[in-house]
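Participant: So the chains spell out like this:
Protein chains: 2
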Amino acid sequence: MNLLRSLVSYILVFAFTQFAAAQSAPDSALSSSSQSLLGYTSRSTATERELEKKFQDTVVAGNIRESMRRLSARPHNVGSAYDKDNAEWILARFKEWGFDAHIENFDVLFPTPKERIVELVAPTKFRAKLQEPAVSVDPTSNQTPEQLPTYNAYSADGDVTAPLVYVNYGNREDYEELDRMGISVKGAIVITRYGSGWRGIKPKVAAEHGAVGCLIYSDPRGDGFFHGDDYPTGGWRPRDGVQRGSVMDTDYPGDPLTPGVGAVPGAKRLDVKEAKTITRIPVLPISYSDAQPLLAALQGQVAPDAWRGGLPITYHVGPGAARVHLKVTSNWDLKPLYDVIATLKGSDPSQWVIRGNHHDAWVNGADDPISGQSAMLEEARVLGELHKQGWTPKRTIIYCAWDGEEPGLLGSVEWVETHVDDLRKHAVTYVNSDSSSRGYLSVGGTQDLQGVVAGVAHDITDPEKKISVFERTHLHAIIQAKDAEEKGKLRKRDDLVLGDLGDGSDFTSFQDFAGISSLNVGYGGEEEGTQYHSIYDDFYWYTHYADPDFVYERALAQTAGSVVLRLADADLLPFDYTPQADAIAKYESDLEKLLKDKQEEITERNTEILEGAFTATADPHKTFVPPPVDPVPPYMNFAPMKNSIEKMKKSSERYSKALAKFRSATDGAVSPSSLETVNADLLGISRMFLNDKGLPGRPWFKNQIYAPGAYTGYGAKPVAAVREFMDEKKWKEADEQIPMVADVIDHVSAGIDKAGGDLENAVGK
Amino acid sequence: MNLLRSLVSYILVFAFTQFAAAQSAPDSALSSSSQSLLGYTSRSTATERELEKKFQDTVVAGNIRESMRRLSARPHNVGSAYDKDNAEWILARFKEWGFDAHIENFDVLFPTPKERIVELVAPTKFRAKLQEPAVSVDPTSNQTPEQLPTYNAYSADGDVTAPLVYVNYGNREDYEELDRMGISVKGAIVITRYGSGWRGIKPKVAAEHGAVGCLIYSDPRGDGFFHGDDYPTGGWRPRDGVQRGSVMDTDYPGDPLTPGVGAVPGAKRLDVKEAKTITRIPVLPISYSDAQPLLAALQGQVAPDAWRGGLPITYHVGPGAARVHLKVTSNWDLKPLYDVIATLKGSDPSQWVIRGNHHDAWVNGADDPISGQSAMLEEARVLGELHKQGWTPKRTIIYCAWDGEEPGLLGSVEWVETHVDDLRKHAVTYVNSDSSSRGYLSVGGTQDLQGVVAGVAHDITDPEKKISVFERTHLHAIIQAKDAEEKGKLRKRDDLVLGDLGDGSDFTSFQDFAGISSLNVGYGGEEEGTQYHSIYDDFYWYTHYADPDFVYERALAQTAGSVVLRLADADLLPFDYTPQADAIAKYESDLEKLLKDKQEEITERNTEILEGAFTATADPHKTFVPPPVDPVPPYMNFAPMKNSIEKMKKSSERYSKALAKFRSATDGAVSPSSLETVNADLLGISRMFLNDKGLPGRPWFKNQIYAPGAYTGYGAKPVAAVREFMDEKKWKEADEQIPMVADVIDHVSAGIDKAGGDLENAVGK
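Chains as they are written, first to last, in this note's numbering: chain G, 367 to 1131; chain W, 367 to 1131.
Treat the hints loosely; a few may be bogus.
Unchecked claim - 20 Å max Cα-Cα, derived DMTMM-like pairs, lysine to aspartate or glutamate:
no.: 1; chain 1: W; residue 1: LYS855; chain 2: G; residue 2: GLU970
no.: 2; chain 1: W; residue 1: LYS711; chain 2: W; residue 2: ASP985
no.: 3; chain 1: G; residue 1: LYS1015; chain 2: G; residue 2: ASP1093
no.: 4; chain 1: W; residue 1: LYS962; chain 2: G; residue 2: ASP849
What the hints assert, rightly or not - Pair ranges (Cβ atoms, derived):
no.: 5; chain 1: W; residue 1: ASP545; chain 2: G; residue 2: GLU543; range: 22 to 30 Å
no.: 6; chain 1: G; residue 1: THR989; chain 2: W; residue 2: PRO1105; range: 56 to 64 Å
no.: 7; chain 1: G; residue 1: ARG435; chain 2: W; residue 2: VAL991; range: 35 to 43 Å
no.: 8; chain 1: G; residue 1: LEU976; chain 2: W; residue 2: THR413; range: 48 to 56 Å
no.: 9; chain 1: G; residue 1: SER502; chain 2: W; residue 2: GLN965; range: 50 to 58 Å
no.: 10; chain 1: G; residue 1: THR989; chain 2: W; residue 2: LYS639; range: 55 to 63 Å
What the hints assert, rightly or not - If you only want the chain G side, here are some residues facing chain W, beta carbon under 8 Å, derived:
no.: 11; residue: ALA522
no.: 12; residue: GLY524
no.: 13; residue: PHE592
no.: 14; residue: THR680
no.: 15; residue: LYS831
no.: 16; residue: GLU851
no.: 17; residue: GLU958
no.: 18; residue: LEU961
no.: 19; residue: GLU970
no.: 20; residue: GLU974
What the hints contain is simulated information worked out from the structure, not anything from laboratory work. Even for Gly, the Cβ is constructed at its ideal location relative to N, Cα and C.
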């Protein structure tokens, strides 16, 4: 998957207090060589700075380019020959660079297409091609026999013929709008466009509304010619381009047959029929050249303004004479996964810094995932070289090249499920990457890591502008901010705000299941198009439109590698909880605001219903069903959560104060053994966000603060236990979840408090 | 022209204080039969109510339909045989209905096309058709020999070949954005799309930036298939549809050769070369089927997101290899105008209520202007019938069917210029209409008439919903309001807010030149498409997509006719100045807000320039020129205007108080002669908004409060003397205009004060 460009919310906002007009100061507070690094004594700061500089200077763009060329040379989806070949090649590299590496296998359910039919049977006939043609200038686009056909993995098998209805993005709000138009999709096949939420939500919500089939097409307004010339003239999705992708439901990620446990030999496996994460209706993705005849055949009301795309037709909602035949069947085989796990043992092997990126792709996948994978391999090469030159990390570093991410995070989830006990004991942080390209640094993650990321971002030079990537991203955030007030706030901040992570790449099981502080790091925003999950996401495309000179690929290796180094070598784990407490306070105030907004919105709508505004303004030439009067949401008791957040703020302040004292301590003033006590405290804190029961209805998701939504897919929905019920207008149930969330925050506070006390003991109060 | 659907600002917002939930009270304060009508004693209120009811009941939709069929049967542009024929037919009708009617002629410059060429000469060849084809189901669309070819009247003659640049809507902000992209249009032909401002501004601004030619095309995103099925399947502009229209510059409307005086025989005429209102460069309108090959040939940067239309191409800005040949020549003849003027003499012929709508069209013009003209004729028929039954209006009523509105308000402007002295002496109000269709009541005008319009709107029944048109429009405004606060404000108001009138239909010379309180009345918002200024704006189209049953045509006749009746028969002219003083106070606070916004915007942008945000975020793959540092606007002295507005508020309150006393006075308590004194005062007040020097640089525009902008065309720009300089960043000049505007408001206040005193004398203080 390509989280980086799929999530709007996934924006790193950088800010710092004092901004010297016109040019950046060479050393800001965060990178100043006069201050120790976060988690480092002043002596080890100097060593670390030298090491990181050497690391950064040794990263070679050309190596990343060559890795990409090799790894994306042939289609390498799960179960393909080249997937295994790539894993073995990666394994050989890690070994060559001095890592202790092996391949770990799992056997997982991964369906591949057997039959696919989409045809208009009335009022005229049209049969969809369902095929991406080769492009003559693109040397890998003609590897047709090895390419997975265009399909959505984990679609139910089915063969249906039914009237067609256009449902926009196919999310729940869209069906509310259809209700206003008096249109039901019961017994219909829906056609929906990609975008505005994760694809798997589309067939899920369609089935909930009684649809019998689902088509998802790529509208040129979303990622085609509307934005720029299409491929190969430009980099945007061409008329026959299709977005493959998983539609596995989000009850749990990973192998559908082994929820919660590793898919190892002998594991208890569900029958395919029992697997809850397979869709209830057949679904297929199509290109807009295949979609246009279907959409053009629709009659009925004209689609609302915001539903219209970029095709040269009038978008109608339907239904009408248009009937579609949709047939999907798959081979429901188990396929082998090849996770490459490479370890560089630290002087203290009880703490692990884990770094990962997947290697499987839908087709050639130069961007997704090889751009991230190739940069990660270059990091590992340089770490290996530094190790050969005598450096050994304090903590153990584990590099992971995951298989099976595309179908449903299979490789990482099965590995984490298998090793969860060890991971909860030893894992300090998981640092993920995935697709990456030209542009701005973008980091999401748990806010205990905000400080260390900001510190590193200050040290990496932007290849285009020769300022720090921190500064470039910060200025971008200022330019993008919606008003002068927000711009002013940004200018005054001296930290950075990490984007919220939900689901959508391999950090999911680490953060949401195992309770491990996580990051996702990438660059982007200046790529000139996208071929997401298409045969055209390949070396030719990437080297023309994404990062032709591999300069941001180099920056990614420098950034993520430096984060790994800084985490691995720190005397004191570089966590800081004040930003996290602030973030959780913001999540809570967002919940309160949501309730208030909903109360006002429903009150206002009820008033309009009762004063007759809807009936008075409905055009009698169009069917219109006024919305029903909704109960106004009751007030909820947020006090338990607010009280626990106040505690967390206090304990975080205590810890931050002790941390500041540690940073300014003279060398030798703090005993290593007293620091180890604090490190052990810190290691456990992120685990305290877990609750073994998991989220209501989604027991796999243990984290009570960080989670995706059941109807957002990739998108994060912080404090999901409360928020999900609110979104379903179950106010009482939402209210009941608050004390449980408060308990979890209380545990976290206690953990931070203990660490604060131990750090005070170490540095003197 | 079709003002109704061209101006976004042109929205009537209705509101009233107490709103009974779920259904309207049958009698609100404004229409309550227990209270006298505004300007009426209680006895004459009863008579007037009875009369108006009879009037409204006698209006017959079928008559309007038949008038439309007759008047739109053939093309009837200025100078055509059918234009004269229509005028004579209208004249005969007025005479038949008992009006004293005649045709008044003027001879005006009206160019018609001789040669028109648009062709792409490089990199490939393409010649534009420049022809709207006949549609088989549409019986008048094949009258090709009589149809004016597609063109923009008052385009300069020219023959140019030059590179092409796409400039979006072609307004000044668009050229600022081109500056950021490093693109100049010097020596280029620009292609711009219709919309976002009046068409005549496009060649004007293009010429100011050095362009040598201008094409204006109708993008399907604006009025084509994006919104609904195109003609004849639906009502929207088809691929070959073209919007004709005048591009006469806005220094002054009317005949370009006789500015400020009537174009009567013997009038001093400028030479065509001296006429300031002819464009400086050749300009032609084209369809999107003619535009698409030109746009597709453009290279260079991809157009900004907001610049992209609905065609299935990537919109590029250019320039590049694309070169266009544009040739336009016209016959620069004088053509005769036929204004039909029909008088129904009042018992007091010293005060005139004037009602008008044009009869000329670009082609068949069923919607524009015949929908308004036909409804107006039905009003006149019924007034004639009432007159035959014994009713005589207190004031003289003059119905005007204007010729030559489309080229530049020729018929009304020349008539007003010819009769300006009499008009200033006698005219009470001018009530205009133009295109009208199914939907919501929409009224613009001077706010001294807000009360009378609201009163009438309450009495007219909406044909679709059987509630008052007041209520329907009010509920629509609530639904449309942007937030709960605005909705709440609307619910609390007990008046209505008239849209601001600038230019764009025949009220212009009355309001802006002669200082006569004016209204523009129409219905719309539920028409299903537009064929504005095309051969397809005809009877077939109108009766399928605009108001098939003529029910809103009937409502228009009822509404505008009732306004005329109420103004003509009132004992006391039904003006009230408190809403006008409030409106002018709002204009003033808008100016202050504009200054503050500009100060903040420029300060913020300067900060971003100085902190390097623009250069840091510019994509090096695209040309980007950072904006220049702008001087921050100085503070201005609004005090003189605020002081004069305070005076106006006080005098208005005094008058409103006396008016309330008059409304509740017992019959016979007020002597008719004392009322005549007040009526004479009131007649003069709107003239006090004039200043003989006119606006800076636009001496024809005498009104210092109500005016269009020099760069808005149709759009109103209240307090233009100040506002225009602010828009040009001439802060000192803007500041200097304020005392002059304050003087004008002081005169108005004095006038209101005198009327208030005289009314107090009449009704007792």
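Participant: Taking the hints in turn, state whether each one holds.
Facilitator: How the hints compare with the structure:
{"no.": "1", "hint": "W:LYS855 with G:GLU970", "result": "13 Å, holds"}
{"no.": "2", "hint": "W:LYS711 with W:ASP985", "result": "71 Å, violated"}
{"no.": "3", "hint": "G:LYS1015 with G:ASP1093", "result": "28 Å, violated"}
{"no.": "4", "hint": "W:LYS962 with G:ASP849", "result": "14 Å, holds"}
{"no.": "5", "hint": "W:ASP545 with G:GLU543: 22 to 30 Å", "result": "41 Å, violated"}
{"no.": "6", "hint": "G:THR989 with W:PRO1105: 56 to 64 Å", "result": "58 Å, holds"}
{"no.": "7", "hint": "G:ARG435 with W:VAL991: 35 to 43 Å", "result": "37 Å, holds"}
{"no.": "8", "hint": "G:LEU976 with W:THR413: 48 to 56 Å", "result": "38 Å, violated"}
{"no.": "9", "hint": "G:SER502 with W:GLN965: 50 to 58 Å", "result": "57 Å, holds"}
{"no.": "10", "hint": "G:THR989 with W:LYS639: 55 to 63 Å", "result": "59 Å, holds"}
{"no.": "11", "hint": "ALA522", "result": "34 Å, violated"}
{"no.": "12", "hint": "GLY524", "result": "32 Å, violated"}
{"no.": "13", "hint": "PHE592", "result": "6 Å, holds"}
{"no.": "14", "hint": "THR680", "result": "5 Å, holds"}
{"no.": "15", "hint": "LYS831", "result": "6 Å, holds"}
{"no.": "16", "hint": "GLU851", "result": "10 Å, violated"}
{"no.": "17", "hint": "GLU958", "result": "17 Å, violated"}
{"no.": "18", "hint": "LEU961", "result": "15 Å, violated"}
{"no.": "19", "hint": "GLU970", "result": "5 Å, holds"}
{"no.": "20", "hint": "GLU974", "result": "7 Å, holds"}
In terms of the numbered hints stated before, the structure departs from hints 2, 3, 5, 8, 11, 12, 16, 17, 18, listed from lowest to highest.
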